[in-house]
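Chemist: Each chain is listed here by its residues.
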Amino acid sequence: MISFLSEIQLELYNSFKGFVKENIKPFACEWDKSAEVPYKTIKKMGKAGYFGSFLPKEFGGQEWDIVTYGLLNEAVGNGMAALADLLTIQAMVSIILLKWGTETQKSEWLEQLASGKIIGGFALTEPDTGSDIQSIETEFIDDGNCFRLNGSKKWISYGQIADLFVVFGKINGKPLACILPRKSEGLEIIPINNMMGYRTAKLARLNFGDIRIPPENIIGKPGTALSLIAPVGLQYGRISTACAALGLLRACFEESISYASERKVSGLPLGDKEIIRSLLASMGTDLNAASLLCYSACRAEDEHLPEAFEKVLMAKYFSSKAAVKAASNAVQIKGAAGCNESDPVARYYRDAKIFEIIEGTSQIHESILGKLFLDKTHKEELLSA
Amino acid sequence: MEHINKNNINQKIKNFILNAIQIPDLRDDDNLFETGIVNSLFAVQLLTFLEKSFNIRVSPEDLLMENFQSVDSATSFVLHKQSV
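Heads up: the sequence lines are chains H and R, in that order.
Residue 4 is where the first sequence starts when you use our numbering, and the numbers rise one by one after that.
Residue 418 is where the second sequence starts when you use our numbering, and the numbers rise one by one after that.
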C-alpha cells in the first residue's frame, strides 16, 4: 500500500476491506450469476456511509477526502466491480447536485442519495452517439411554463432501479441538464440484460416521451451542461472507475500469488516456473504503478489542482488497461480452473473489459491525453525558442 | 490599487491558459471556446484554476460560458466575485 496515507485513511481502508470481505466477496460469484445484488447489501453500504463518502455532513455525508473515496472504490472493486459501479453512479449524480444544484435541489435529494435511500442514474449516453457526447440529440423544448423532454438514452448503469436521473440534452442547440425522478409521466425504462461483464449493473434504455420538466428541476443554465456540468460528474466517475480497476487488479494479483504458491505441478509449486514469475512480475509492477497514478490523481483532486483532470484521465486509462491485462494473465495462470464460472478470475476477466469502456473509452482517453501532451510539448518548444 | 489587482488577475489567467495550450500569444478578448483555442473540457480546468487561485466559489448562478470565454471576461468575473 502506498506510503503517504494518513492513519485515518489507512484505518478507513482497513474497515472498507473488512466490510467487503464479510459482505461482498463471498457472494459475488453467486450474485454475478443471478445478475442481482440483494437490496439488503445496498442498504448496508448506505448505512456504512459509502454513498455519501465525500458529501458534507449537512447532507448526510461522511466528508471523507477524495483519497479515502478512492480507497473505498478500490476495496469494493476488489470484491465486485459491478458494485463499485453503483458507487460511481451515485457519486456522479451527487457531485453534480452538490456543485451545481440549487439549495432546494440539494436539500431535497442529497441526503437521500447519501443514505442509499434512493439510487441515482447518469443519463448521458445515447443509442446513436456513444462517447461523442457533443452529438447528443435528446431535446428540451420550453413551452412557456415548463420544459418538455423527448429522446432516448442507452446503457444507463443501474437505470433499471434508479429513482432519480440526471439527464443531458439540448435546448435550441445549447446543452442543458435536468433532474428527472423515476415516477415522471412519459418515462419508459427498458432493461438491458445479458451483458458480458458488470452483470448486476442493471443497465437500461430510457425513452422520454414528452416528459414535463418543471423549471425547478433544471440544473444550471443552457450552454454549460456538457462543458461544466457533465465533466464534473465524469471526473468523479473516472476516479471511481480508476480505483475500482485498481481493486480488481489487486484481486487478480492476490489470486495469482496464492494459486502460484499453493498449486503444485509435478511436485513443485507453480511459482517455481519462470513463465509464471514473469506474469506475476508484470502484474505486481502494474499494480504498484496503477496505485501511484490513482492516488496521485485523488490527491490532486483533494488539493483542487487544475492538473487533476489530466491525472485522473491517466489513472483511469492506465488502471483499466492494466486490469484487463492482469485479468487475462490471472486466467492464464489458473488455466482451465480460471475459465470456470465458479472461479472469481473468470468474472474478473469479463468485468475488467468494462473498465475500458465506461466513463470514456480508452480510445477517447488516448485522444484527449495525446492532445494534452502534444500541446504541452509544443508550448515548451515555443518557450525555449 | 484596483488597477494593479486587475492586471495581476489578468496576467495570472493568461499565464494559466498559455501554459496549457499550443499558441504563442493570446489576446485578452479572444473567445477561447468559439475560436477553438481550447476544447470545452478545458472549461472545468479553467474554473478549478479560478476557484483555487483567487479563493472564490463559482456558484450555479455563475454558470454562464460568458463568464469564462476570454481572459477579459474571466478577469471581470473574478473581480466581481471578490467584490461581493
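Because the hints were derived from the structure by calculation, they are not lab data.
Beta carbons are placed, not taken as given, at the ideal position from N, Cα and C, and that holds for glycine.
There may be inaccurate statements among the hints.
Stated by the list, open to error - Derived DEER-like restraints, expressed as beta-carbon distance ranges: (1) R:Q428 <-> H:N196: 53 to 59 Å; (2) H:E106 <-> R:Q428: 31 to 37 Å; (3) H:Q335 <-> R:Q428: 29 to 35 Å; (4) R:T452 <-> H:K120: 43 to 49 Å; (5) R:T452 <-> H:L377: 41 to 47 Å; (6) H:E310 <-> R:L481: 23 to 29 Å; (7) R:L481 <-> H:K36: 46 to 52 Å; (8) H:N148 <-> R:Q428: 44 to 50 Å; (9) R:N422 <-> H:G21: 49 to 55 Å; (10) H:A284 <-> R:D445: 51 to 57 Å; (11) H:P218 <-> R:Q428: 28 to 34 Å; (12) R:K469 <-> H:S110: 22 to 28 Å; (13) R:N422 <-> H:A284: 29 to 35 Å; (14) H:G147 <-> R:Q428: 41 to 47 Å.
Unchecked claim - With a straight-line Cα cutoff of 30 Å, these simulated DSSO-like cross-link-like pairs (lysine-lysine) come out: (15) R:K431 <-> H:K60; (16) H:K43 <-> R:K469; (17) H:K109 <-> H:K157; (18) H:K356 <-> R:K431; (19) R:K469 <-> H:K224; (20) R:K423 <-> H:K267; (21) H:K177 <-> H:K46; (22) R:K431 <-> H:K43; (23) H:K102 <-> H:K60; (24) R:K429 <-> R:K498; (25) R:K423 <-> H:K356; (26) R:K469 <-> H:K177; (27) R:K498 <-> H:K60; (28) R:K431 <-> H:K379; (29) R:K429 <-> H:K374; (30) H:K324 <-> H:K356; (31) R:K429 <-> H:K109; (32) R:K431 <-> H:K224; (33) H:K60 <-> H:K173; (34) R:K423 <-> H:K224; (35) H:K177 <-> R:K431; (36) R:K498 <-> H:K356; (37) H:K43 <-> H:K374; (38) R:K431 <-> H:K109; (39) H:K173 <-> R:K498; (40) R:K429 <-> H:K224.
Chemist: Look at each hint and say if it fits the structure.
Modeler: Evaluation of the provided hints:
1. Taking the beta carbon of each, Q428 (chain R) and N196 (chain H) are about 56 Å apart, inside 53 to 59 Å as hinted.
2. The supplied range of 31 to 37 Å is met by E106 (chain H) and Q428 (chain R), whose beta-carbon atoms lie about 35 Å from each other.
3. The hint said 29 to 35 Å for the Cβ distance between Q335 (chain H) and Q428 (chain R), and at roughly 56 Å that hint is violated.
4. At roughly 46 Å, the beta carbons of T452 (chain R) and K120 (chain H) sit within the given window of 43 to 49 Å.
5. Distance hint for T452 (chain R) and L377 (chain H): a CB-CB separation of about 18 Å, inconsistent with the stated range 41 to 47 Å.
6. In this structure, E310 (chain H) and L481 (chain R) meet the distance hint of 23 to 29 Å, their C-beta atoms being roughly 25 Å apart.
7. For the pair L481 (chain R) and K36 (chain H), the supplied restraint of 46 to 52 Å holds, since their beta-carbon distance comes to about 50 Å.
8. Restraint check, N148 (chain H) to Q428 (chain R): a C-beta distance of roughly 47 Å satisfies the suggested window 44 to 50 Å.
9. In this structure the hint that N422 (chain R) and G21 (chain H) lie 49 to 55 Å apart at CB holds, the actual value being about 52 Å.
10. With their beta carbons about 54 Å apart, A284 (chain H) and D445 (chain R) fall inside the hinted range of 51 to 57 Å.
11. At roughly 40 Å, the beta-carbon separation of P218 (chain H) and Q428 (chain R) lies outside the given 28 to 34 Å, and the hint is violated.
12. The hinted range of 22 to 28 Å is satisfied by K469 (chain R) and S110 (chain H), whose Cβ atoms lie roughly 27 Å apart.
13. Between N422 (chain R) and A284 (chain H) the beta carbon distance is about 56 Å. The supplied range of 29 to 35 Å is therefore violated.
14. Taking 41 to 47 Å as the suggested C-beta distance range, the pair G147 (chain H) and Q428 (chain R) conforms, at roughly 46 Å.
15. For the suggested pair K431 (chain R) and K60 (chain H), the alpha carbons sit about 37 Å apart, so the restraint of at most 30 Å is broken.
16. With a CA separation close to 41 Å, the supplied pair K43 (chain H) and K469 (chain R) exceeds the 30 Å bound.
17. A distance of roughly 26 Å separates the Cα atoms of K109 (chain H) and K157 (chain H); the hinted pair therefore holds under the 30 Å criterion.
18. For the suggested pair K356 (chain H) and K431 (chain R), the alpha carbons sit about 41 Å apart, so the restraint of at most 30 Å is broken.
19. Of the supplied pair hints, the one linking K469 (chain R) and K224 (chain H) holds, its CA atoms being roughly 23 Å apart against a limit of 30 Å.
20. For a cut-off of 30 Å, the pair hint linking K423 (chain R) to K267 (chain H) is broken: about 72 Å separates their Cα positions.
21. Only pairs whose Cα atoms come within 30 Å are accepted, and K177 (chain H) paired with K46 (chain H) is rejected, the gap being roughly 38 Å.
22. Distance restraint check for K431 (chain R) and K43 (chain H): the Cα-Cα separation of roughly 52 Å exceeds the 30 Å cut-off, and the hinted pair is therefore not satisfied.
23. Taking the CA atoms of K102 (chain H) and K60 (chain H), the gap is near 15 Å; set against the 30 Å cutoff, the hint holds.
24. For the proposed pair K429 (chain R) and K498 (chain R), the alpha carbon gap of about 16 Å is at most 30 Å, so the pair holds.
25. Taking the CA atoms of K423 (chain R) and K356 (chain H), the gap is about 50 Å. The hint is violated against a cut of 30 Å.
26. With a C-alpha separation of about 28 Å, the suggested pairing of K469 (chain R) with K177 (chain H) holds against the 30 Å cut-off.
27. Among the hinted pairs, K498 (chain R) with K60 (chain H) is consistent with the structure: their alpha-carbon atoms are about 26 Å apart, no more than 30 Å.
28. Between the alpha carbons of K431 (chain R) and K379 (chain H) the distance comes to roughly 15 Å, so the proposed pair stays at or under 30 Å and holds.
29. Simply put, K429 (chain R) and K374 (chain H) have alpha-carbon atoms about 23 Å apart, close enough for the 30 Å limit, and the pair holds.
30. Distance hint between K324 (chain H) and K356 (chain H) is fulfilled; the C-alpha atoms sit about 8 Å from each other, no more than 30 Å.
31. A hinted pair counts as satisfied when its Cα atoms are at most 30 Å apart, and K429 (chain R) with K109 (chain H) does not qualify at roughly 33 Å.
32. For the hint pairing K431 (chain R) with K224 (chain H), the CA-to-CA distance comes to about 26 Å; that is within 30 Å, so the pair holds.
33. Between K60 (chain H) and K173 (chain H), the direct Cα distance comes to roughly 34 Å. Violation of the 30 Å bound is thereby established for this hinted pair.
34. For the suggested pair K423 (chain R) and K224 (chain H), the alpha carbons sit about 27 Å apart, so the restraint of at most 30 Å is met.
35. Under the criterion of a C-alpha separation no larger than 30 Å, the hint pairing K177 (chain H) with K431 (chain R) is consistent with the structure, at around 27 Å.
36. For the suggested pair K498 (chain R) and K356 (chain H), the alpha carbons sit about 45 Å apart, so the restraint of at most 30 Å is broken.
37. At most 30 Å may separate the alpha-carbon atoms for a hinted pair to count; K43 (chain H) and K374 (chain H) exceed this at roughly 45 Å.
38. Distance restraint check for K431 (chain R) and K109 (chain H): the Cα-Cα separation of roughly 34 Å exceeds the 30 Å cut-off, and the hinted pair is therefore not satisfied.
39. With a C-alpha separation of about 29 Å, the suggested pairing of K173 (chain H) with K498 (chain R) holds against the 30 Å cut-off.
40. Between K429 (chain R) and K224 (chain H) the alpha-carbon distance is near 27 Å, which keeps this suggested pair within the 30 Å criterion.
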